[in-house]
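Number of protein chains: 2
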Amino acid sequence: MNGQLGRRFVTLAHGAGGKETQELLDRMLFQKLEKKLKSVEGGVGLDSPDDAAALPIGDQFLVATVDSYTVSPLIFPGGDIGSLAASGSINDVLMMGGKPLALLDATVVEEGFDLDLLSQLMDSLMATLRRESIPLIGGDFKTMPKGQLDKIIITTVGLGLTRRPIVDAELKPGDKIVVTGSMGDHGATILALQQGVDVLKSGLESDAKPLTSFMLPVIDRFGKGLHAARDPTRGGLAMTLNDWAKGSGTVVAVDEAAIPVKESVRLYLGMLGIDPLYLANEGAAVLGVEPGIADAVLRTLKEAGAKDAAIIGEARKPKEHRGIVLLKSGIGGFRILEAPAGNLVPRIC
Amino acid sequence: MNGQLGRRFVTLAHGAGGKETQELLDRMLFQKLEKKLKSVEGGVGLDSPDDAAALPIGDQFLVATVDSYTVSPLIFPGGDIGSLAASGSINDVLMMGGKPLALLDATVVEEGFDLDLLSQLMDSLMATLRRESIPLIGGDFKTMPKGQLDKIIITTVGLGLTRRPIVDAELKPGDKIVVTGSMGDHGATILALQQGVDVLKSGLESDAKPLTSFMLPVIDRFGKGLHAARDPTRGGLAMTLNDWAKGSGTVVAVDEAAIPVKESVRLYLGMLGIDPLYLANEGAAVLGVEPGIADAVLRTLKEAGAKDAAIIGEARKPKEHRGIVLLKSGIGGFRILEAPAGNLVPRIC
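The listed protein sequences correspond, in order, to chains E and A. For the first sequence, my numbering gives the first residue as 7, with consecutive numbering after it. For the second sequence, my numbering gives the first residue as 7, with consecutive numbering after it.
Next up, chain E with everything else stripped away, as it sits in the complex (with noise of 0.2 Å):
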C-alpha cells in the first residue's frame, strides 16, 4: 500500500477483486457493520461473501446482485459493455441458483459519448435481455461532465428466485469441481486487444455470455447435490478456488491437464508467461457437486451445448493446512495454487 505523509490512497489493486479488495473491504465495511446489519436472517447477506444476496420471501428467495462495469475496449470480439454487463448480473443470478426474473440497469455516460455507440451498447443489452426473455423493469441515466468519466460505466442489478441457494461455504470434502467451459478467454482476449495485438487473427474472443441455458437444467436436475457454483470473474478460477477453499475449511486439489483452455489462449498467454487460471471468464461456471452425481452433471452441461465441460478436481479433506487450493501440474506433483493479488492484468470487470 502506498503513503505520503502518512495519508494513504487508493491503487488499483484495491479494486481489482483480488487480495487487496478483500483487505480493504474486510477494513471498511465487514468488520464495522454489526452483525444484524450485514447478515439475512435465513438468507445470504454480506458476511456470507457469495455471487449474489438472498432474501427469504414467502417460501422462496429472493436472489439480488449488483455489479459495475467499466471495460476498454467497449467493444471486443465476442461481445461489448453492454452484453458483458446483462450477462454478468445474470450469470451472479444463477450462480446462487437463482432463476434470473428482471434486470435494472444506472448507466452514467461521459458528456461528448457518440450517441450511435451507445444506442449500439444498449442494444446489446437489449439484445442479450430478448435472447433469455428477461425484462429490464427500471433504471437510471446520468451524464458527467467531459473529462470526468472515461467514456462509460453501466451499473446492473439483477434480480431472481429460488427454492434454495446455493451457498459456497457448503463445499464438503469429496465433492467433485467441474467447469462448464475454458478458462482466460475473456481476460487474454481483452489483454490481446488493450496490447494491440490482432485479437481476430490469434483466434481469441471472449466467452461473455448468460449461462442461462447450462445453468438451469443442473440447477432443475440436481438441487441439493449442488453445493457451490461460481463464474469465475476477476481473478479467474484461482480466486474462485482459493475462496471456496476458504470459506469451506476444505483442500481444493485440481488437476492442471484437465483444466480445458483454449489453444489460442494457451499460445497468447505463454508468450506473455501469463496463468489462463487467473485471467476472468465472462460465461463460465465452476460447481462443486457430490461426487455421486459429478458424471450426470457433466453430461447434462454437454448436452446443454458445453462441449468443454470437464470435471477437474475435488474437495478434500484437510490433512495439515486447511484453506488452500493445490494444482497437480502436468509433470506431476502439486503445487499451491495462490489468490491472486496485486494490480491483475489486464484491468476488467
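Everything labelled a hint here was simulated from the structure, so no lab data went into it. This structure is a prediction, so every number in the text was calculated from the model and none was measured. Take the hints with a grain of salt, since some may be wrong.
Chain copies aren't distinguished; within one or between two, either way the pair holds.
To be verified - Below are the EDC-like pairs computed for lysine to aspartate or glutamate, each with C-alpha atoms no more than 20 Å apart in a straight line:
#1 313 - 262
#2 42 - 138
#3 38 - 138
#4 41 - 129
#5 157 - 117
#6 38 - 129
#7 41 - 53
#8 42 - 129
#9 313 - 269
#10 152 - 326
#11 25 - 117
#12 105 - 281
#13 41 - 138
#14 38 - 122
#15 38 - 120
#16 252 - 326
#17 152 - 314
#18 252 - 138
#19 152 - 117
#20 42 - 204
#21 268 - 281
#22 38 - 344
#23 323 - 261
Starting from the structure of chain E, add chain A where the hints point.
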C-alpha cells in the same frame, strides 16, 4: 442537440433528468423494447415511469430501485455522497409504498482517492443504514485508473416489500397535493457550494435524509387513499408535478404561496433568478391523496416531525389541456409551470 457531420453526442442535458433525458431514453430504450421486455405482469415495470419497479411475489410486491450518485462537492452541510446514496434508494422504495428491506451498493473509485475520505463516506452510508436498521446485503467495489473518473460514483440498490404499490399515474381529479417539507434545499445548497458561497453563513443546508419516519405512518394509516408519491429529486417539484399531470391525464394546480420554501433558499435563489421549484430535494416527498384524508395526512406528517408539511394544491379534471401544471402566483392568476429542460443547475444526482 449538438451535431457534427451527422454524428451526435451525449450532452449534459441528456443526463439531467429533464425533457432531454426522457426523449433519449424513449428513443434508445422504451420504444425499442417490446412490451413483455419492459413490463411486469400485475406489477410496475419500465413502461410505467415511477420511482421504482414492483414485482409480484406471492401475495406481496417486491419493490426494487437503482440509482448512480455523483455529486460535487462530495461533502456538504446536511450530508455527503454516502448518506445521499443510502437515503436516495431508501426514499425511492418508500415512494412506491414499500417498506425498505435491504440495500446493495456498487462503488467505483478513482485511483489515488484518499482512503480516509473513502472510509468516511462509507461510514456515512453505513450510519444512515444503522439509523434505519436496514442491512447492506451485497455490493461491488472497483477502481478506475487516475484520470478516468472524477473521484467516486456510488450506485445503490434499494429493495423493499409492499402489499400495494403506489403508482403515480393513479392520481385522480380532486386529489390534494401534499409536500412533506420545504422545496429546493438540497439543490440550492449544492449550487451555492459550487459557486463558492459561504453556505453555513447563508443558512443553507441539504435536506438529504431517509423519509421513513414520515412515510411509513402515512402508508400504514392511509393505504389506498395515497394515489401518488414521489421524492422530487432532479428537476424538483416542477418535474414531479408535470410527470404526474401527464401520466394521469389531469391538470395539477398548485398555489405558490402555499409551497414551503426556506427563507435562506428563497434569498439565495432570488439573487440568481432561479425558481426553487426546479431544484432537487433529497429528503422531501410530494403526495397525491384523496381529498377526504388530506387534513389527516397532514396531521400525521406533522406528528412524525415534518413541521413544514403543507397542502399545496390539487389535481383537476382537465378542461382544454390535459397534462399541464398550473401555478397560482402570489399576485393572483395562474401561469403554466413548465417541465424542466436543458442543462439543469446545479448538475446533481
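Hint check results:
When the C-alpha separation of residue 313 and residue 262 is checked against a cutoff of 20 Å, the pair qualifies only within one copy, where the shortest distance is 18 Å, while the shortest distance between copies is 68 Å. Taking the shortest alpha-carbon separations for residue 42 and residue 138, only the inter-copy value of 12 Å comes in at or below 20 Å, while the best intra-copy value is 35 Å. In this assembly of identical chains, residue 38 and residue 138 lie within 20 Å of each other by CA distance solely across copies; the values are 16 Å between and 39 Å within a copy. When the C-alpha separation of residue 41 and residue 129 is checked against a cutoff of 20 Å, the pair qualifies only between copies, where the shortest distance is 16 Å, while the shortest distance within a copy is 41 Å.
In this assembly of identical chains, the alpha carbons of residue 157 and residue 117 lie at most 20 Å apart whether taken from the same copy (8 Å) or from different copies (16 Å). Taking the shortest alpha-carbon separations for residue 38 and residue 129, only the inter-copy value of 8 Å comes in at or below 20 Å, while the best intra-copy value is 41 Å. In this assembly of identical chains, the alpha carbons of residue 41 and residue 53 lie at most 20 Å apart only when taken from the same copy (8 Å versus 38 Å across copies). For the homomeric pair residue 42 and residue 129, the shortest alpha-carbon distance between copies (16 Å) is at most 20 Å, but the shortest distance inside one copy (40 Å) is not.
Proximity of residue 313 to residue 269 under the C-alpha cut-off of 20 Å is restricted to the intra-copy arrangement: shortest distance 15 Å within a copy versus 69 Å between copies. In this assembly of identical chains, residue 152 and residue 326 lie within 20 Å of each other by CA distance neither inside one copy nor across copies; the values are 56 Å within and 43 Å between. Taking the shortest Cα distances, residue 25 and residue 117 sit within 20 Å of each other only across copies (17 Å), while inside one copy they are farther apart (34 Å). Within a single copy, residue 105 and residue 281 get their C-alpha atoms no closer than 33 Å, and across copies no closer than 48 Å, so neither meets the 20 Å cut-off.
In this assembly of identical chains, the alpha carbons of residue 41 and residue 138 lie at most 20 Å apart only when taken from different copies (15 Å versus 36 Å within one copy). Taking the shortest Cα distances, residue 38 and residue 122 sit within 20 Å of each other only across copies (14 Å), while inside one copy they are farther apart (44 Å). For the homomeric pair residue 38 and residue 120, the shortest alpha-carbon distance between copies (19 Å) is at most 20 Å, but the shortest distance inside one copy (42 Å) is not. In this homomeric assembly, residue 252 and residue 326 come within 20 Å of each other (Cα to Cα) only inside a single copy, at 14 Å, whereas the closest approach across copies is 69 Å.
In this homomeric assembly, residue 152 and residue 314 never come within 20 Å of each other (Cα to Cα): the closest approach is 44 Å inside a single copy and 39 Å across copies. Proximity of residue 252 to residue 138 under the C-alpha cut-off of 20 Å is found in neither arrangement, the shortest distances being 34 Å within a copy and 33 Å between copies. In this assembly of identical chains, residue 152 and residue 117 lie within 20 Å of each other by CA distance both inside one copy and across copies; the values are 5 Å within and 18 Å between. In this assembly of identical chains, the alpha carbons of residue 42 and residue 204 never lie at most 20 Å apart, being 51 Å within a copy and 40 Å across copies at closest.
Taking the closest pair of Cα atoms, residue 268 and residue 281 come within 20 Å of each other only inside a single copy of the chain (13 Å); across copies the shortest separation is 62 Å, beyond that limit. Taking the shortest Cα distances, residue 38 and residue 344 never come within 20 Å of each other, neither inside one copy (28 Å) nor across copies (46 Å). Taking the closest pair of Cα atoms, residue 323 and residue 261 come within 20 Å of each other only inside a single copy of the chain (17 Å); across copies the shortest separation is 73 Å, beyond that limit.
Checked against the numbered hints above, the structure violates hints 10, 12, 17, 18, 20, 22; every other hint is satisfied.
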